[in-house]
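Engineer: Please build the complete structure, drawing on both the sequences and the hints.
As a plain string of letters, each chain reads:
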Amino acid sequence: MKKTHLTLTVNGQTYTLPTLPGETLADLLRKRLRLTGTKIGCNEAECGACTVIMEGEPVLSCSTPAERADGKTIVTIEGLAQQGALHPLQEAFVKHGAVQCGFCIPGQIMTAYGLLSRNLNPTSAEIRHALKDTICRCAGYPTIEQAILAAAKAIRTGQPVEEPEIPASVRGGRFIGQIHVRPDGIEKVTGKAIYTDDLYFENMLYAAVKRAGVPHAFVRHIDVSKARQMPGVAAVLTAAEVPGQNIHGLVTLDWPVMVGVGERVRYVGDAIAIVAAETQEIAKAALDLIEVEFDPQPVICTAIQARQEGVPQLHPKGNLLKHIKVRKGDPQIGFGEADVVLEHTFHTPPHDHLFIEPECSIAVPEGERMLIYVGSQIPYQDRSQVARALGWEESRVRVIGQLMGGGFGGKEDIAGQIHAALLANATGRPVKLLFDRHESLLVHPKRHATQITVKIGAKQDGTLTAIQTELYGDTGAYASLGEKVLTRATTHSAGPYLVPHVHADCYAMYTNNPPAGAFRGFGVLQSAFAIESAMDMLAERLGLDPIELRRKNALRPNTETSTGQVLRESVGLVECIDRVTEAMCQVSRLPRQALFQARPVAGAEHLVRAWGFAVGFKNTGLGGGADDCAGAEVELYENGSFEVRSSSAELGQGLVTVMRLVVAEELCLPPEQVKVLVMDTDLTPNGGPTTASRQTYVTGNASRLAARTLREAIIATLAERYDQAPETIRFENGQVHVNGHVLTMQQVYQEMKAAGKEPRVLYDYHAPATAPLGMPGDMHVAFSFAAQAAEVEVNTLTGEVRVLRVIAANDVGHAINPLGLRGQIEGGVVMGVGHALLENFITENGYVVTDRMARYRVPSIVHTPEIIPIVVEDPVSTGPYGAKGVGEIVLIPTPPAITNAIYHAVGVRFDRLPVDQEQLLWEITKRQA
Amino acid sequence: MTLWKEYLHPQSVQQAVEALAFSPAPAIPIAGGTDLMLDLQQGHHPPVHTLVDLTGIPELQALEIRNERLFIGAGVPHHRIVESSLVRQHAASLVESCGLIGGPQVRNAATLGGNVAHALPAADGTIGLLALNAEAEIASLAGRRLLPLHELFAGPGKSTLAHDEIIVGFYIPLRKPGQGSAFCRVMRAQGIALPILNLAVWLERQDEIIRAARIAVGPAGPTPFRALQTSAYLTGKPFCEETILGAQQALLAEAQFRTSPARATAEYRRKLVVVLLKTALLSAWHRASEQ
Ligand SMILES: Cc1cc2nc3c(=O)[nH]c(=O)nc-3n(C[C@H](O)[C@H](O)[C@H](O)COP(=O)(O)OP(=O)(O)OC[C@H]3O[C@@H](n4cnc5c(N)ncnc54)[C@H](O)[C@@H]3O)c2cc1C
Ligand code: FES
Ligand code: FES
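Protein chains in written order, with my numbering: chain A, 1 to 929; chain B, 1 to 291.
In short, the hints are calculated from the structure, not lab data.
Ideal placement from N, C-alpha and C gives every residue a C-beta, glycine not left out.
Please note that the accuracy of each hint is not assured.
Only pairs whose alpha carbons sit at most 27 Å apart, straight line, appear in this in silico DSS-like list of lysine-lysine [said to hold, decoys possible]:
1. A:Lys72 with B:Lys5
2. A:Lys328 with A:Lys552
3. B:Lys5 with A:Lys31
4. B:Lys278 with A:Lys926
5. A:Lys284 with B:Lys5
6. A:Lys192 with A:Lys132
7. A:Lys31 with A:Lys192
8. A:Lys328 with A:Lys459
9. A:Lys284 with A:Lys31
10. A:Lys132 with A:Lys153
11. B:Lys176 with B:Lys278
12. A:Lys552 with A:Lys459
13. A:Lys2 with B:Lys5
14. A:Lys31 with A:Lys2
15. A:Lys459 with A:Lys325
16. B:Lys5 with A:Lys226
17. A:Lys455 with A:Lys328
18. A:Lys675 with A:Lys192
19. B:Lys5 with A:Lys3
One side only, chain B facing chain A, incomplete, derived with CB under 10 Å [stated by the list, open to error]:
20. Gln15
21. Thr34
22. Val106
23. Ala109
24. Gly191
25. Ala264
26. Thr265
Structural biologist: Quick look at the structure:
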């Protein structure tokens, strides 16, 4: 009955291995066979990333004991391609742009493979049924569905996989604006793509972190002696052993690397001690031997409470991180002029990014230096933060950025980078620190919970006269990017409207909750929920059409924002509004005036449908007076290929495609001739943080200008060499035409070398200067705009809500990468659906309730509505080819569009996210009574 | 500290119960592992010494008609139940309930035996099975015995099985003309994938009269709940709006609903149970009418 060995066949190869106690199939595949294409997203049977095929059926390898595979045949993602030819599923996923960060993709493809091996002609419904529990947080679910349909057809017909039906940019472009696949797509569908946890170093140790586990306390005593003596433990460190400064933080240095004796614990995830051991199990077991005594303190659990008199002050400066103010005109005057004044308070909860790849850092000592392998949104900041804790010069630290399995803002702060580096420094050995999902949920910064009060004054005809807002933002235990996030929330809190009088006050407060920081939407998601709900309430009060009310007040060229910025160009809001309105009538075959009426479903009258509408805007770039810069370097190699480099981060959003296309465009090269290198502090110039929807704009501009400068250098060299006027020299199709000669890029390289010129250009791009909030001048270089309509169906017997359709129009300036844009739109809308209906990061008195993926539910393909994307291209002259940011605007209008639709369906206004089906039912019942 | 030290692969029921009885303790059975592995990994279940894998035992994989009853081995995974024409024919409520568990990956591994043995008051497979008047076959060193399904449950997450007993399978009466069953549930959008409420109905009709009925509801008490009074109420009544209304009242009178924090209040469950009962009654009645 007991087996000493197990024999299994994986991807056609048979292995006989000794059995190991406690081993899962995922561990066997990843660790013993080094088949790292199979991913671990949760280790709790929730995400599907670890799906492999066993005996023809998809199973979750994370919860399958390895021994169960004895005698069985397994197929993993690495086994799908035959003799180098991609499986149609792999091909279709790349072609259709279903691959974003790529981390979930092996699971998606294997689950789909399981489906197609039983059913080669699946319907959309069957695909949704099969993929129900295979989560993609980048959430290109509609594209995934299309890719599976296309693959099935290709297998059935023996024809090549069909191209996706995605329109090119209307603004043209040789390569930009056209459909191009990601440079890293093939690696990501074959399982060859390497993420941090896939790396293995000889002699590597595994780290674990002793977390405080209490939300507020002073540390009275720490005893690590037993843990140090445990066999297999290589090092145990506490705050006392931090060689440099025991502090980190992105803007404000307020976050201890570890909390030492006598110091204050501010949230459950604070680190007390760190352990490195020969195995992960030993490291975790050693944590239990560390004894810590706390002196518990009263817990501050809301931003409101944090501002009350007499409560404990969590930081030396107090609990107020910042009071942020917007002042334009005098709202009292405006309210005096108003016919109607409406005031309402809204609440939004914290959200977790739930990137499918949990945080992982590996620190590797190399001579006098420390190498950090990590998927990080800000590699250069990681470098300085690690160096500070080590007490080293920054140049001794090299951050080698790895592919990221999603970030969404949640990989901007330090996770394990410093701890891994400290342990590697102490032991002289490589150290891997991998968070499990539980730790990830406890530790990393979330979206800010807010309370937002909106007061609007308007004339009878709908003209807005004044808006006053008051925001409370819970930044949790540490500042992270709290000040910046809540500044965006505040400056956007009066919506994309022309309002003569605006006052906004935001209190960014410290509490004992997990820190809050950057998250896609960056504060604007919260304030858009408040203002866009309030606008619908106002429309009803005034008896106006909600679209008309918005259209009337919409920002247009030569209008002034709440912060006093006059928008000169690229304000596509009205076009977004009009096109969504038109599409709504078209897809629902309803006249304009019937759109917002409740429509019971014929034959099932308890199901009631209606549309809802909302708009939004979001700054592109850092703005607010920051020097928003990015460096990019373009180099021509001897073999005629080019490389473009920047430390900017690729987290799945498609920056690498943008960089490649921009360089190809400038140099008239087939895009495949351009390699992209990102995220290495030794090899790539500083691209700054990947945040604020800024990278297409800044790194796009830097790449474009680097390429253009290189092109000019080449022209100058050839003009001289061939004695031709520079204007006569043409770049075409990867070659250069000079006076009848056609030079390949290899030849160009030789010419440059012969002329003593380096075929390489580094360009440091600085965005146009901006002004800080409250100072005269433009606060931002550009804004993206959006309008969305959502159609919901409410079950009036149970309170359940489904989102059926979302029409999303986004003004992105110029759609440089339409395939990537499609993924961003789908992913944004689905995340917005999640925020409206599913996601709620719950803490109770500082303790995290939603500490497993099973408790923090994110949308799956079954929650995905039909998404109808509309791309509006109102260019901004300073953007690359007119482009501005897209990453965040895509989800900002979704939650209020949904709650507005619910109101239209059943008359219930949700002023608190997420929508609670039980509460909805009670409200419906009340109205029926 | 590994989650288990020894993993055993019995090939027969006898070997399995011996392994449970005589291996270094604690020794527990594992089927699909979709509950157990998580409980071990997340520390809800302390690490064990021995895992006894039941999936290699042919008897637990059987799905067939035996002695005029449908036998479903405890080790049959949900996907086989859902796809089996036998189960479709005789146990529609079970097809519906097992079909809603997890995604295909979970249904390929998770078993009906595990769903029942885990003993949660609102396990879907269990509720679907309970309305069908199923019996469980239990094996131990002492031999085999048959037990009405509801006698397997001792409390939330607690079965009446001894540590060295296993469920071999379930016997379900074959469906006769005029009989039908149905299952439905309501989930909450947020949080864990267990239903707020689920409910199964089995009934037999004669012309327009309900000759017999059985109703199971979860969670409505510490163990999967059989609504005996409601079933009795329905017996002999004509199938009409008034009867459904009466049944809803009867069910509200006998079922004890609880409030679970951050999931559902007792009052919400009371609202839902009325809706689910009607839906399931209509569907089961409809099925009882087809041949
Ligand atoms: C993502 C996900 C979604 C899920 N969704 C649902 C859902 O919607 N509804 C639902 O009801 N459940 C759900 N579950 C729970 C679970 O899948 C089921 O309860 C499953 O049927 C358990 O079966 P198993 O074979 O995996 O049990 P295991 O995990 O192997 O065992 C469970 C328990 O039963 C014991 N056991 C198993 N077989 C026997 C036997 N033959 N005799 C005696 N004891 C035995 C084990 O010792 C263990 O204590 C979900 C689980 C996951 C991971
Ligand atoms: S389901 Fe296995 S890793 Fe998430
Ligand atoms: S591509 Fe699916 S999680 Fe990123």
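Engineer: It remains to establish, for every hint, whether it holds in the given structure.
Structural biologist: We went through each hint and held it up to the structure:
no., hint, verdict
1, A:Lys72 with B:Lys5, "holds (22 Å)"
2, A:Lys328 with A:Lys552, "holds (20 Å)"
3, B:Lys5 with A:Lys31, "holds (19 Å)"
4, B:Lys278 with A:Lys926, "holds (22 Å)"
5, A:Lys284 with B:Lys5, "holds (17 Å)"
6, A:Lys192 with A:Lys132, "holds (25 Å)"
7, A:Lys31 with A:Lys192, "holds (15 Å)"
8, A:Lys328 with A:Lys459, "holds (19 Å)"
9, A:Lys284 with A:Lys31, "holds (18 Å)"
10, A:Lys132 with A:Lys153, "holds (21 Å)"
11, B:Lys176 with B:Lys278, "holds (23 Å)"
12, A:Lys552 with A:Lys459, "holds (12 Å)"
13, A:Lys2 with B:Lys5, "holds (11 Å)"
14, A:Lys31 with A:Lys2, "holds (23 Å)"
15, A:Lys459 with A:Lys325, "holds (25 Å)"
16, B:Lys5 with A:Lys226, "holds (24 Å)"
17, A:Lys455 with A:Lys328, "holds (15 Å)"
18, A:Lys675 with A:Lys192, "holds (17 Å)"
19, B:Lys5 with A:Lys3, "holds (12 Å)"
20, Gln15, "holds (6 Å)"
21, Thr34, "holds (6 Å)"
22, Val106, "holds (7 Å)"
23, Ala109, "holds (5 Å)"
24, Gly191, "holds (5 Å)"
25, Ala264, "holds (6 Å)"
26, Thr265, "holds (7 Å)"
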